[in-house]
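Chemist: Produce the complete structure using the sequences and hints provided.
Number of protein chains: 2
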Amino acid sequence: MAEALSDSALDQVFRTARSYNGWLDRDVSDEQIRAIYELMKMGPTSANQQPARIVWCKSGKAKQRLAQHAGEKNRHKILTAPVCAIVAMDLEFHEQLPWLFPHTDARSWFAGEDKLAARESQAFRNSTLQGAYLMLAARALGLDCGPMSGFDTAKVNESFFAGTPYQANFISTVGHGDPASIFDRLPRLDFDEANQIL
Amino acid sequence: MAEALSDSALDQVFRTARSYNGWLDRDVSDEQIRAIYELMKMGPTSANQQPARIVWCKSGKAKQRLAQHAGEKNRHKILTAPVCAIVAMDLEFHEQLPWLFPHTDARSWFAGEDKLAARESQAFRNSTLQGAYLMLAARALGLDCGPMSGFDTAKVNESFFAGTPYQANFISTVGHGDPASIFDRLPRLDFDEANQIL
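Line by line, the protein sequences are chains U and D. Last residue of the first sequence: 198 in this note's numbering, with the numbers rising by one and none dropped. Last residue of the second sequence: 198 in this note's numbering, with the numbers rising by one and none dropped.
Think of the hints as simulated: they come from the structure by calculation, not from any bench. Being a predicted model, the structure only gives us computed values, none of them experimental.
Because identical chains cannot be distinguished in the list, a pair is counted as satisfied if it fits within a single copy or across any two copies.
Straight-line Cα separation of at most 30 Å, BS3-like style, residue types lysine-lysine; simulated pairs:
1) Lys-73 to Lys-115
2) Lys-115 to Lys-155
3) Lys-73 to Lys-61
4) Lys-155 to Lys-73
5) Lys-61 to Lys-155
Modeler: Below, the structure written as structure tokens:
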């Protein structure tokens with residue numbers, strides 16, 4: 001029977017983890033990026049859809065290409081981070097379902113123009129779940145994140161995903177966070193403000 | 001500098017964790033539900049919105065009330081689980097921003113009828129992130145989950161959230177998973193199928 005993780009592990013993934021604005025001068029390797037994906041891919045998605053498609057902007061050129069479509073404050077965060085992940089979603093994820101969810105005809109639940117709204121909603125929810133798995137996986141591997149949604153989605157889609165059924169959902173910098181770059185933690189809702197037990 | 005968690009911790013949260021269909025005969029206590037929330041609440045949301053509102057259906061009556069609006073297979077999973085969480089979203093989350101994000105007038109970004117679509121999109125993304133934090137927090141505490149989106153959202157909203165700005169996003173059973181209730185793990189997309197490093 002599984003026990004709770006150690007306090008230091010819970011601290012690292014949840015309690016003392018922070019969204020960083022600035023970064024220590026330490027690279028994130030391709031091996032670390034792959035290790036994040038190998039963990040995050042195991043997280044659950046509806047009917048095993050796995051709609052997330054991730055572009056890891058690591059070169060200066062790629063970060064510049066992304067940063068020009070972000071707000072002023074986010075631009076600096078992107079350009080100075082070791083890597084910035086664009087978490088996108090495949091609006092034609094259903095084409096993979098014959099092998100991802102093989103025991104029934106799940107593709108037919110989402111095929112056709114009249115199912116586009118359903119695909120958008122499913123892809124949004126499930127790629128967002130996968131984006132959360134990405135961030136917590138990075139933390140579990142000793143890295144830090146800085147998620148952002150303040151960017152021009154249409155322009156990022158045009159620059160990175162033209163001619164594909166992919167659309168950007170949110171982005172997150174990844175690296176070793178600089179403690180000097182963050183402020184005091186913002187408040188959280190208490191249990192009774194956000195929960196009911198019935 | 002943070003290190004990677006132990007292999008057993010990474011297994012528990014990501015690699016060997018599964019979505020369970022059936023449950024061992026062990027309760028989930030109110031203290032465990034609170035402990036899940038105390039971890040999940042620390043996860044990042046856009047402008048600290050924290051739109052997730054959670055109803056933990058623990059009594060037989062509450063589970064029955066939820067299960068009647070789920071598909072046949074999901075109904076059984078809900079009724080037999082120790083607890084089933086409804087992860088909902090507050091479409092008026094912006095009313096909390098003056099104290100949750102106090103250093104600027106973030107409420108004004110989302111106030112007014114013409115901002116409803118923006119609030120819906122933000123609440124959907126951020127409550128989904130929080131739902132992912134909930135599931136990984138439960139696993140980190142030694143529990144298991146069984147997320148589902150196969151239910152009649154309008155009817156669940158009517159039954160649980162009438163007269164409020166809350167809407168159901170997805171649901172997840174929580175308990176100690178019964179290994180006999182799951183099948184072989186479904187495939188995952190390889191790194192190169194879902195990722196690019198630029």
